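> Sequence:
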Amino acid sequence: MADVRVLDTSYWPAEPGDVHDVTVCETLRHAAATVPDRPALVDCVQDAGARKAWTYAELAADAERVARALLTTFSRGDRIAVWAPNSANWIVLQHGIAMAGMVLVALNPAYRAREMGFVLRQSGAVGLFCPERYRGFDMRGMIEDIRPETPALREVVTFEEWDAFLDRGDPGLVLPEVGPDDVIQIQYTSGTTGFPKGAMLHHKGLVNEARHVAERAGMSDGGVYVNAMPMYHIGGGAVTSFGAWAKRGTFVILPGFEAGLLLEALETYRGTHTLVVPTMLIAMLDHPDRARRDLTSVQTILSGAASVPASLVRKTQKLLNCQFSILFGQTETHGVVSQTRVTDSPEDQAETVGRPLPQLEVKIADEVTGEPVALHETGEICCRGYQNMLGYYRMETETTSTIDADGWLHMGDLGSMDERGFISIRGRMKDMIIRGGLNIYPAEIEGALGDHPAIEYAAVIGVPDARWGEQIGAVVTLREGVERPSVEELTDYLRAEIAPHKTPVYWAFVDQMPATPSGKIQKFVLRERVESGALAFDAVRSASAGPADAAERVSR
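Taking the UniProt record's numbering, the leading residue of the sequence shown gets 1, the next gets one more, and so forth.
FYI, nobody ran anything at the bench for these hints, they're computed from the structure.
All figures in this text were calculated on a predicted structure; none of them were measured in a lab.
Please note that a few of the clues may not be correct.
[Said to hold, decoys possible] Mimicking DSBU-like on lysine-lysine, the simulated pairs with C-alpha atoms at most 30 Å apart in a straight line are:
no. : residue 1 : residue 2
1   : Lys520    : Lys430
2   : Lys520    : Lys502
3   : Lys318    : Lys430
4   : Lys502    : Lys315
5   : Lys52     : Lys318
6   : Lys520    : Lys315
Make a model of the complete structure from these sequences and hints.
Put into C-alpha coordinates, the structure is as follows:
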(Lines of atoms letter the chains of each structure in order from A and count residues from 1; the text may use other names and numbers.)
(Lines give C-alpha, C1' and ligand atoms only; values in the text may rest on other atoms or scores of the structure.)
Protein backbone atom coordinates (compact mmCIF):
# COMPACT_ATOMS: atom_id res chain seq x y z
CA MET A 1 0.00 0.00 0.00
CA ALA A 2 2.83 2.42 0.88
CA ASP A 3 4.33 2.08 -2.59
CA VAL A 4 1.21 3.34 -4.38
CA ARG A 5 -0.02 5.92 -1.88
CA VAL A 6 -0.12 9.47 -3.23
CA LEU A 7 -0.51 12.33 -0.77
CA ASP A 8 -1.92 15.79 -1.42
CA THR A 9 -0.56 17.37 1.76
CA SER A 10 2.26 16.66 4.24
CA TYR A 11 0.25 14.22 6.34
CA TRP A 12 0.83 10.46 6.43
CA PRO A 13 -2.16 8.48 7.78
CA ALA A 14 -1.22 5.46 9.84
CA GLU A 15 -0.19 2.66 7.49
CA PRO A 16 -1.64 -0.78 8.36
CA GLY A 17 0.77 -3.18 10.01
CA ASP A 18 1.01 -5.68 12.82
CA VAL A 19 1.32 -4.11 16.25
CA HIS A 20 1.20 -6.77 18.94
CA ASP A 21 0.14 -6.32 22.55
CA VAL A 22 3.29 -7.98 23.80
CA THR A 23 5.98 -7.49 26.42
CA VAL A 24 9.72 -7.92 26.29
CA CYS A 25 9.29 -10.85 28.69
CA GLU A 26 6.82 -12.63 26.38
CA THR A 27 9.11 -12.11 23.39
CA LEU A 28 12.02 -13.82 25.13
CA ARG A 29 9.88 -16.63 26.51
CA HIS A 30 8.30 -17.28 23.10
CA ALA A 31 11.74 -17.68 21.53
CA ALA A 32 12.88 -19.90 24.40
CA ALA A 33 9.83 -22.13 23.88
CA THR A 34 10.08 -22.35 20.08
CA VAL A 35 13.85 -22.29 19.43
CA PRO A 36 15.36 -23.12 22.84
CA ASP A 37 18.75 -24.22 21.49
CA ARG A 38 19.25 -21.35 19.05
CA PRO A 39 22.02 -18.88 20.03
CA ALA A 40 20.44 -15.78 21.57
CA LEU A 41 23.36 -13.82 22.97
CA VAL A 42 27.13 -13.72 22.45
CA ASP A 43 29.44 -11.74 24.72
CA CYS A 44 32.03 -10.72 22.12
CA VAL A 45 34.83 -9.43 24.32
CA GLN A 46 38.23 -8.68 22.82
CA ASP A 47 39.74 -11.90 24.15
CA ALA A 48 38.15 -14.64 22.03
CA GLY A 49 38.97 -17.25 24.66
CA ALA A 50 36.88 -15.42 27.26
CA ARG A 51 33.74 -15.15 25.14
CA LYS A 52 30.50 -16.72 26.28
CA ALA A 53 27.24 -17.55 24.51
CA TRP A 54 23.67 -18.16 25.68
CA THR A 55 20.95 -20.15 23.98
CA TYR A 56 17.41 -18.81 24.25
CA ALA A 57 16.63 -21.35 26.95
CA GLU A 58 19.69 -20.27 28.94
CA LEU A 59 19.03 -16.54 28.52
CA ALA A 60 15.41 -16.88 29.66
CA ALA A 61 16.44 -18.95 32.68
CA ASP A 62 19.16 -16.48 33.70
CA ALA A 63 16.80 -13.52 33.26
CA GLU A 64 14.23 -15.15 35.55
CA ARG A 65 16.97 -15.83 38.08
CA VAL A 66 17.90 -12.12 38.02
CA ALA A 67 14.24 -11.15 38.45
CA ARG A 68 13.88 -13.32 41.55
CA ALA A 69 17.10 -11.91 43.01
CA LEU A 70 15.83 -8.37 42.45
CA LEU A 71 12.50 -9.13 44.12
CA THR A 72 14.25 -10.13 47.35
CA THR A 73 15.26 -6.49 47.86
CA PHE A 74 13.13 -4.34 45.56
CA SER A 75 9.48 -4.16 44.53
CA ARG A 76 7.54 -4.11 41.29
CA GLY A 77 7.67 -0.61 39.76
CA ASP A 78 10.97 0.32 41.41
CA ARG A 79 13.56 2.11 39.30
CA ILE A 80 16.84 0.24 38.94
CA ALA A 81 19.78 2.18 37.48
CA VAL A 82 22.44 0.52 35.35
CA TRP A 83 25.64 2.58 35.06
CA ALA A 84 27.92 0.39 33.02
CA PRO A 85 29.55 -0.24 29.64
CA ASN A 86 28.30 -2.93 27.28
CA SER A 87 28.42 -6.49 28.52
CA ALA A 88 26.33 -9.64 28.40
CA ASN A 89 25.46 -9.15 32.07
CA TRP A 90 23.98 -5.75 31.14
CA ILE A 91 21.56 -7.56 28.84
CA VAL A 92 20.71 -10.34 31.28
CA LEU A 93 20.05 -7.70 33.92
CA GLN A 94 17.87 -5.73 31.49
CA HIS A 95 15.65 -8.77 30.91
CA GLY A 96 15.58 -9.56 34.61
CA ILE A 97 14.44 -6.04 35.49
CA ALA A 98 11.64 -6.37 32.92
CA MET A 99 10.53 -9.75 34.26
CA ALA A 100 10.45 -8.35 37.80
CA GLY A 101 8.08 -5.60 36.64
CA MET A 102 10.67 -2.95 37.45
CA VAL A 103 11.99 -0.03 35.41
CA LEU A 104 15.52 0.18 34.06
CA VAL A 105 17.20 3.59 34.26
CA ALA A 106 19.94 3.46 31.63
CA LEU A 107 22.98 5.63 32.42
CA ASN A 108 26.11 6.54 30.50
CA PRO A 109 29.22 5.08 32.20
CA ALA A 110 30.99 8.36 31.42
CA TYR A 111 28.69 10.20 33.86
CA ARG A 112 30.41 11.77 36.82
CA ALA A 113 29.23 13.08 40.18
CA ARG A 114 27.12 16.05 39.08
CA GLU A 115 25.35 14.11 36.31
CA MET A 116 24.88 10.97 38.42
CA GLY A 117 23.54 12.92 41.35
CA PHE A 118 20.92 14.58 39.15
CA VAL A 119 19.63 11.46 37.39
CA LEU A 120 19.59 9.32 40.53
CA ARG A 121 17.62 11.95 42.42
CA GLN A 122 15.30 12.77 39.52
CA SER A 123 14.54 9.12 38.73
CA GLY A 124 14.22 8.10 42.36
CA ALA A 125 16.32 5.01 41.61
CA VAL A 126 16.44 2.65 44.60
CA GLY A 127 19.07 0.27 43.21
CA LEU A 128 22.21 0.73 41.13
CA PHE A 129 24.39 -1.75 39.23
CA CYS A 130 27.87 -0.77 38.07
CA PRO A 131 31.41 -2.15 37.79
CA GLU A 132 33.89 -1.38 40.55
CA ARG A 133 36.09 0.48 38.08
CA TYR A 134 35.84 1.48 34.43
CA ARG A 135 38.76 2.79 32.39
CA GLY A 136 40.69 3.42 35.57
CA PHE A 137 37.88 5.39 37.23
CA ASP A 138 36.65 4.33 40.69
CA MET A 139 32.91 4.07 40.01
CA ARG A 140 32.00 2.46 43.32
CA GLY A 141 33.97 5.10 45.20
CA MET A 142 32.22 7.96 43.44
CA ILE A 143 28.80 6.49 44.17
CA GLU A 144 29.64 6.21 47.86
CA ASP A 145 30.74 9.85 47.82
CA ILE A 146 27.36 11.03 46.50
CA ARG A 147 25.17 8.64 48.53
CA PRO A 148 24.21 11.42 51.01
CA GLU A 149 22.74 13.36 48.06
CA THR A 150 20.66 10.41 46.82
CA PRO A 151 18.47 9.35 49.74
CA ALA A 152 16.26 7.02 47.66
CA LEU A 153 19.23 4.84 46.65
CA ARG A 154 19.11 1.82 48.96
CA GLU A 155 21.63 -0.57 47.47
CA VAL A 156 24.59 -0.61 45.08
CA VAL A 157 25.61 -3.90 43.47
CA THR A 158 28.82 -4.14 41.47
CA PHE A 159 29.21 -6.64 38.65
CA GLU A 160 32.10 -8.12 40.59
CA GLU A 161 29.40 -9.20 43.10
CA TRP A 162 27.19 -10.60 40.33
CA ASP A 163 27.24 -14.27 41.37
CA ALA A 164 26.51 -13.47 45.00
CA PHE A 165 23.63 -11.25 43.91
CA LEU A 166 22.13 -14.06 41.79
CA ASP A 167 22.30 -16.46 44.74
CA ARG A 168 19.83 -14.30 46.69
CA GLY A 169 16.83 -15.34 44.64
CA ASP A 170 14.22 -17.86 45.74
CA PRO A 171 13.72 -20.34 42.85
CA GLY A 172 10.11 -20.85 43.90
CA LEU A 173 9.17 -17.18 43.80
CA VAL A 174 6.34 -16.44 41.35
CA LEU A 175 7.17 -13.53 39.07
CA PRO A 176 4.63 -10.72 38.66
CA GLU A 177 2.49 -10.23 35.58
CA VAL A 178 3.77 -7.48 33.29
CA GLY A 179 1.60 -5.61 30.77
CA PRO A 180 2.44 -4.26 27.30
CA ASP A 181 1.79 -0.67 28.38
CA ASP A 182 3.93 -0.88 31.51
CA VAL A 183 7.04 1.28 31.69
CA ILE A 184 10.18 -0.75 30.99
CA GLN A 185 12.87 1.92 30.69
CA ILE A 186 13.61 5.52 31.54
CA GLN A 187 16.08 6.85 29.00
CA TYR A 188 17.67 10.19 29.76
CA THR A 189 17.86 12.20 26.59
CA SER A 190 19.98 15.32 26.79
CA GLY A 191 20.93 14.82 23.17
CA THR A 192 21.87 18.06 21.47
CA THR A 193 20.31 20.46 23.98
CA GLY A 194 22.17 19.60 27.17
CA PHE A 195 19.00 19.43 29.35
CA PRO A 196 18.39 15.86 30.55
CA LYS A 197 14.84 14.53 30.52
CA GLY A 198 13.80 10.97 31.36
CA ALA A 199 11.63 9.53 28.59
CA MET A 200 9.32 6.76 29.88
CA LEU A 201 9.26 3.90 27.38
CA HIS A 202 6.89 0.94 27.42
CA HIS A 203 7.15 -2.75 26.44
CA LYS A 204 4.78 -2.54 23.48
CA GLY A 205 6.63 0.39 21.95
CA LEU A 206 10.09 -1.13 22.21
CA VAL A 207 9.21 -4.60 20.92
CA ASN A 208 7.06 -3.54 17.96
CA GLU A 209 9.27 -0.66 16.84
CA ALA A 210 12.38 -2.85 16.92
CA ARG A 211 10.63 -5.64 14.99
CA HIS A 212 9.41 -3.24 12.31
CA VAL A 213 12.92 -1.79 11.92
CA ALA A 214 14.44 -5.26 11.59
CA GLU A 215 11.87 -6.28 9.00
CA ARG A 216 12.27 -3.14 6.94
CA ALA A 217 16.04 -3.75 7.02
CA GLY A 218 15.43 -7.20 5.52
CA MET A 219 16.10 -9.30 8.62
CA SER A 220 14.56 -12.76 8.45
CA ASP A 221 13.97 -15.28 11.23
CA GLY A 222 17.28 -16.14 12.88
CA GLY A 223 19.23 -13.09 11.66
CA VAL A 224 22.39 -11.99 13.46
CA TYR A 225 22.72 -8.43 14.81
CA VAL A 226 26.30 -7.45 15.67
CA ASN A 227 26.13 -4.47 18.01
CA ALA A 228 28.73 -1.94 19.08
CA MET A 229 26.21 0.80 19.97
CA PRO A 230 26.07 1.58 23.70
CA MET A 231 23.38 -0.30 25.58
CA TYR A 232 22.42 2.77 27.61
CA HIS A 233 21.40 4.39 24.29
CA ILE A 234 18.15 3.62 22.47
CA GLY A 235 20.06 2.22 19.47
CA GLY A 236 21.82 -0.55 21.38
CA GLY A 237 19.49 -0.99 24.32
CA ALA A 238 16.32 -1.33 22.24
CA VAL A 239 16.38 -0.93 18.44
CA THR A 240 18.98 -3.60 17.71
CA SER A 241 18.66 -5.89 20.72
CA PHE A 242 14.88 -6.20 20.79
CA GLY A 243 14.88 -6.43 17.00
CA ALA A 244 17.13 -9.47 17.18
CA TRP A 245 14.97 -11.20 19.77
CA ALA A 246 11.72 -10.31 17.99
CA LYS A 247 13.12 -12.20 14.97
CA ARG A 248 14.40 -15.03 17.21
CA GLY A 249 17.89 -14.13 16.08
CA THR A 250 21.30 -13.79 17.68
CA PHE A 251 22.54 -10.61 19.36
CA VAL A 252 26.32 -10.28 19.40
CA ILE A 253 27.33 -7.56 21.83
CA LEU A 254 30.72 -5.83 21.72
CA PRO A 255 32.13 -4.07 24.81
CA GLY A 256 32.35 -0.88 22.76
CA PHE A 257 33.15 0.32 19.30
CA GLU A 258 36.48 -0.66 17.82
CA ALA A 259 36.42 -1.00 14.05
CA GLY A 260 38.71 -4.03 13.90
CA LEU A 261 36.71 -5.93 16.52
CA LEU A 262 33.43 -5.14 14.78
CA LEU A 263 34.79 -6.46 11.47
CA GLU A 264 36.08 -9.60 13.17
CA ALA A 265 32.72 -10.19 14.88
CA LEU A 266 30.82 -9.81 11.60
CA GLU A 267 33.05 -12.47 10.07
CA THR A 268 33.19 -14.84 13.06
CA TYR A 269 29.46 -14.87 13.84
CA ARG A 270 28.27 -14.42 10.24
CA GLY A 271 26.60 -11.15 11.12
CA THR A 272 23.75 -10.14 8.85
CA HIS A 273 22.97 -6.68 10.24
CA THR A 274 24.66 -3.93 12.22
CA LEU A 275 23.68 -0.42 13.23
CA VAL A 276 26.50 2.11 13.06
CA VAL A 277 26.50 5.90 13.08
CA PRO A 278 28.41 7.53 10.22
CA THR A 279 31.64 8.03 12.16
CA MET A 280 31.71 4.34 13.04
CA LEU A 281 30.92 3.34 9.47
CA ILE A 282 33.74 5.46 8.08
CA ALA A 283 36.18 3.84 10.52
CA MET A 284 34.97 0.37 9.46
CA LEU A 285 35.36 1.03 5.77
CA ASP A 286 38.79 2.61 6.17
CA HIS A 287 40.16 -0.06 8.52
CA PRO A 288 43.00 -2.14 7.06
CA ASP A 289 41.31 -5.38 8.20
CA ARG A 290 38.23 -4.83 6.07
CA ALA A 291 39.73 -6.18 2.87
CA ARG A 292 40.89 -9.43 4.46
CA ARG A 293 37.69 -10.22 6.36
CA ASP A 294 34.97 -12.45 4.92
CA LEU A 295 31.98 -10.12 5.16
CA THR A 296 29.75 -11.93 2.67
CA SER A 297 27.16 -12.62 5.38
CA VAL A 298 26.44 -8.90 5.81
CA GLN A 299 23.04 -8.13 4.33
CA THR A 300 22.23 -4.63 5.57
CA ILE A 301 24.06 -1.75 7.16
CA LEU A 302 21.72 0.46 9.20
CA SER A 303 22.72 4.02 9.99
CA GLY A 304 21.32 7.25 11.29
CA ALA A 305 21.50 9.56 14.34
CA ALA A 306 23.50 11.99 12.17
CA SER A 307 23.39 13.02 8.55
CA VAL A 308 24.46 10.18 6.26
CA PRO A 309 26.12 11.63 3.15
CA ALA A 310 25.14 10.13 -0.21
CA SER A 311 28.80 9.41 -0.92
CA LEU A 312 29.01 7.27 2.23
CA VAL A 313 25.94 5.25 1.22
CA ARG A 314 27.41 4.55 -2.20
CA LYS A 315 30.82 3.68 -0.79
CA THR A 316 29.32 1.24 1.71
CA GLN A 317 27.20 -0.53 -0.89
CA LYS A 318 30.19 -0.85 -3.21
CA LEU A 319 32.78 -2.04 -0.69
CA LEU A 320 30.53 -4.38 1.32
CA ASN A 321 28.18 -5.44 -1.48
CA CYS A 322 25.27 -4.98 0.91
CA GLN A 323 21.98 -3.16 1.32
CA PHE A 324 21.56 0.08 3.23
CA SER A 325 18.82 1.42 5.49
CA ILE A 326 18.68 4.87 7.04
CA LEU A 327 16.83 5.43 10.31
CA PHE A 328 15.32 8.59 11.74
CA GLY A 329 13.70 9.12 15.11
CA GLN A 330 14.43 9.90 18.73
CA THR A 331 14.27 8.31 22.15
CA GLU A 332 10.82 9.78 22.82
CA THR A 333 9.42 7.67 19.96
CA HIS A 334 11.06 4.43 21.15
CA GLY A 335 13.84 4.98 18.63
CA VAL A 336 12.69 5.11 15.01
CA VAL A 337 9.87 6.99 13.28
CA SER A 338 10.82 6.57 9.63
CA GLN A 339 13.20 4.34 7.72
CA THR A 340 14.26 3.67 4.17
CA ARG A 341 13.58 0.22 2.77
CA VAL A 342 16.44 -1.78 1.33
CA THR A 343 14.58 -1.71 -1.99
CA ASP A 344 14.39 2.09 -2.12
CA SER A 345 16.28 3.82 -4.91
CA PRO A 346 19.81 5.15 -4.33
CA GLU A 347 18.39 8.66 -4.59
CA ASP A 348 15.82 8.03 -1.86
CA GLN A 349 18.44 6.33 0.30
CA ALA A 350 20.76 9.29 -0.03
CA GLU A 351 18.32 12.19 0.15
CA THR A 352 15.53 11.03 2.51
CA VAL A 353 14.95 9.08 5.72
CA GLY A 354 12.24 6.97 4.11
CA ARG A 355 8.60 6.65 5.12
CA PRO A 356 7.00 6.24 8.54
CA LEU A 357 6.89 2.85 10.24
CA PRO A 358 3.53 1.03 10.41
CA GLN A 359 0.73 2.37 12.60
CA LEU A 360 2.24 5.83 12.94
CA GLU A 361 0.67 9.08 11.85
CA VAL A 362 3.20 11.68 10.78
CA LYS A 363 2.69 15.27 9.66
CA ILE A 364 4.96 18.13 8.71
CA ALA A 365 3.33 20.89 10.70
CA ASP A 366 3.21 24.63 10.34
CA GLU A 367 5.03 26.00 13.38
CA VAL A 368 2.20 28.47 14.13
CA THR A 369 -1.06 26.72 13.20
CA GLY A 370 0.00 23.10 13.66
CA GLU A 371 -1.70 22.17 10.39
CA PRO A 372 0.11 20.08 7.74
CA VAL A 373 2.08 22.23 5.32
CA ALA A 374 2.01 21.80 1.56
CA LEU A 375 4.06 19.01 0.02
CA HIS A 376 7.79 19.76 -0.16
CA GLU A 377 7.41 22.67 2.28
CA THR A 378 9.40 22.77 5.51
CA GLY A 379 7.76 22.41 8.92
CA GLU A 380 8.11 20.57 12.22
CA ILE A 381 7.95 16.78 12.13
CA CYS A 382 5.21 15.51 14.46
CA CYS A 383 4.08 11.94 15.07
CA ARG A 384 1.19 10.23 16.80
CA GLY A 385 0.64 6.59 17.65
CA TYR A 386 1.56 3.70 19.92
CA GLN A 387 5.28 4.54 19.63
CA ASN A 388 5.05 7.79 21.56
CA MET A 389 6.61 7.78 25.01
CA LEU A 390 4.33 7.87 28.02
CA GLY A 391 5.93 11.19 28.99
CA TYR A 392 8.99 12.54 30.77
CA TYR A 393 9.32 11.10 34.24
CA ARG A 394 8.21 13.64 36.85
CA MET A 395 8.38 16.47 34.30
CA GLU A 396 4.79 17.41 33.50
CA THR A 397 5.57 20.81 31.97
CA GLU A 398 8.17 19.35 29.62
CA THR A 399 5.78 16.54 28.69
CA THR A 400 2.90 18.82 27.77
CA SER A 401 5.21 21.04 25.72
CA THR A 402 6.33 17.97 23.74
CA ILE A 403 3.05 16.02 23.39
CA ASP A 404 0.09 18.28 22.66
CA ALA A 405 -3.55 17.83 23.69
CA ASP A 406 -4.31 15.93 20.46
CA GLY A 407 -1.57 13.40 21.09
CA TRP A 408 0.96 14.75 18.57
CA LEU A 409 4.57 14.43 19.69
CA HIS A 410 6.53 17.45 18.49
CA MET A 411 9.99 16.19 17.61
CA GLY A 412 11.70 19.56 17.27
CA ASP A 413 13.07 18.45 13.89
CA LEU A 414 12.38 20.32 10.69
CA GLY A 415 11.55 18.35 7.60
CA SER A 416 9.50 18.07 4.44
CA MET A 417 7.41 15.32 2.88
CA ASP A 418 6.84 14.46 -0.77
CA GLU A 419 3.71 13.03 -2.37
CA ARG A 420 4.90 9.46 -1.68
CA GLY A 421 5.40 10.11 2.04
CA PHE A 422 9.20 10.19 1.94
CA ILE A 423 10.59 12.52 4.61
CA SER A 424 13.64 14.74 4.17
CA ILE A 425 15.35 16.30 7.19
CA ARG A 426 16.01 20.04 7.14
CA GLY A 427 17.51 20.41 10.60
CA ARG A 428 16.50 21.13 14.18
CA MET A 429 14.07 23.96 14.93
CA LYS A 430 16.59 25.45 17.35
CA ASP A 431 19.30 25.14 14.70
CA MET A 432 17.41 27.11 12.04
CA ILE A 433 19.26 30.25 11.03
CA ILE A 434 17.28 33.41 10.30
CA ARG A 435 19.42 35.67 8.16
CA GLY A 436 17.83 38.93 7.12
CA GLY A 437 14.36 37.45 7.59
CA LEU A 438 15.12 34.35 5.49
CA ASN A 439 14.92 30.89 7.08
CA ILE A 440 18.06 28.89 6.34
CA TYR A 441 18.18 25.19 7.19
CA PRO A 442 21.66 23.94 8.15
CA ALA A 443 21.02 20.35 7.05
CA GLU A 444 20.95 21.39 3.39
CA ILE A 445 24.33 23.12 3.66
CA GLU A 446 25.78 20.28 5.74
CA GLY A 447 24.64 17.75 3.16
CA ALA A 448 26.35 19.65 0.37
CA LEU A 449 29.56 20.02 2.37
CA GLY A 450 29.45 16.33 3.30
CA ASP A 451 29.78 15.41 -0.36
CA HIS A 452 33.02 17.38 -0.73
CA PRO A 453 35.91 14.88 -0.99
CA ALA A 454 37.99 16.63 1.68
CA ILE A 455 35.29 16.99 4.34
CA GLU A 456 34.39 14.26 6.80
CA TYR A 457 31.80 16.20 8.83
CA ALA A 458 30.26 19.65 8.76
CA ALA A 459 28.17 21.46 11.35
CA VAL A 460 26.49 24.71 10.35
CA ILE A 461 25.47 27.16 13.07
CA GLY A 462 24.11 30.68 13.29
CA VAL A 463 26.54 33.43 14.28
CA PRO A 464 24.99 36.58 15.81
CA ASP A 465 25.24 39.58 13.51
CA ALA A 466 24.17 43.17 14.21
CA ARG A 467 22.89 43.87 10.71
CA TRP A 468 21.51 40.55 9.48
CA GLY A 469 20.46 38.99 12.79
CA GLU A 470 22.53 35.91 12.04
CA GLN A 471 25.21 34.92 9.60
CA ILE A 472 26.18 31.38 8.65
CA GLY A 473 29.12 29.66 10.25
CA ALA A 474 30.55 26.27 9.24
CA VAL A 475 32.62 24.06 11.51
CA VAL A 476 34.23 21.18 9.64
CA THR A 477 36.48 18.20 10.17
CA LEU A 478 38.65 16.94 7.33
CA ARG A 479 39.23 13.41 6.11
CA GLU A 480 42.50 11.88 7.20
CA GLY A 481 45.40 12.54 4.88
CA VAL A 482 43.77 15.24 2.75
CA GLU A 483 45.02 18.75 2.20
CA ARG A 484 42.90 21.46 3.72
CA PRO A 485 40.86 23.22 1.03
CA SER A 486 40.77 27.01 0.96
CA VAL A 487 37.66 28.93 1.90
CA GLU A 488 37.54 30.24 -1.66
CA GLU A 489 37.51 26.67 -3.01
CA LEU A 490 34.74 25.61 -0.62
CA THR A 491 32.73 28.72 -1.44
CA ASP A 492 32.97 28.05 -5.17
CA TYR A 493 32.02 24.42 -4.58
CA LEU A 494 28.94 25.34 -2.54
CA ARG A 495 27.76 28.00 -4.95
CA ALA A 496 27.59 25.35 -7.64
CA GLU A 497 25.40 23.23 -5.35
CA ILE A 498 23.12 25.63 -3.46
CA ALA A 499 21.94 29.25 -3.54
CA PRO A 500 24.70 31.82 -2.87
CA HIS A 501 23.02 33.32 0.20
CA LYS A 502 23.35 29.93 1.95
CA THR A 503 27.14 29.91 1.69
CA PRO A 504 28.85 30.25 5.10
CA VAL A 505 30.66 33.46 5.96
CA TYR A 506 32.54 32.08 8.96
CA TRP A 507 34.68 28.94 8.81
CA ALA A 508 36.43 26.86 11.47
CA PHE A 509 38.45 23.69 10.94
CA VAL A 510 38.58 21.36 13.96
CA ASP A 511 40.01 17.93 14.69
CA GLN A 512 36.89 16.57 16.39
CA MET A 513 33.25 17.49 16.81
CA PRO A 514 31.49 17.47 20.19
CA ALA A 515 28.96 14.67 19.91
CA THR A 516 26.53 12.54 21.87
CA PRO A 517 27.34 8.81 22.28
CA SER A 518 25.06 8.12 19.31
CA GLY A 519 27.08 10.39 17.05
CA LYS A 520 24.79 13.44 16.98
CA ILE A 521 26.84 16.62 16.77
CA GLN A 522 26.12 18.88 19.73
CA LYS A 523 25.70 22.26 18.11
CA PHE A 524 24.86 23.89 21.41
CA VAL A 525 28.40 23.02 22.53
CA LEU A 526 29.84 24.59 19.37
CA ARG A 527 27.80 27.74 19.98
CA GLU A 528 28.94 27.86 23.62
CA ARG A 529 32.56 27.48 22.52
CA VAL A 530 32.20 30.32 20.04
CA GLU A 531 30.61 32.56 22.66
CA SER A 532 33.28 31.77 25.25
CA GLY A 533 36.17 32.16 22.83
CA ALA A 534 37.19 28.51 23.10
CA LEU A 535 36.43 28.14 19.38
CA ALA A 536 37.55 30.90 17.03
CA PHE A 537 36.65 31.04 13.37
CA ASP A 538 40.00 30.92 11.65
CA ALA A 539 38.80 31.90 8.19
CA VAL A 540 36.22 34.49 7.19
CA ARG A 541 35.14 35.09 3.63
CA SER A 542 33.95 38.40 2.31
CA ALA A 543 30.18 38.45 1.85
CA SER A 544 29.00 40.82 -0.83
CA ALA A 545 25.54 40.93 0.71
CA GLY A 546 26.81 40.77 4.25
CA PRO A 547 27.58 43.44 6.83
CA ALA A 548 30.44 45.85 6.34
CA ASP A 549 32.64 44.03 8.81
CA ALA A 550 32.02 40.54 7.44
CA ALA A 551 35.55 40.26 6.06
CA GLU A 552 37.19 41.04 9.35
CA ARG A 553 38.95 38.22 11.08
CA VAL A 554 37.07 36.89 14.09
CA SER A 555 39.30 36.97 17.15
CA ARG A 556 37.48 36.17 20.34
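> Would you mind marking each hint as holding or not holding in the structure?
For each hint, the structure was consulted:
no. : hint            : in the structure
1   : Lys520 - Lys430 : 15 Å, holds
2   : Lys520 - Lys502 : 22 Å, holds
3   : Lys318 - Lys430 : 36 Å, violated
4   : Lys502 - Lys315 : 27 Å, holds
5   : Lys52 - Lys318  : 33 Å, violated
6   : Lys520 - Lys315 : 21 Å, holds
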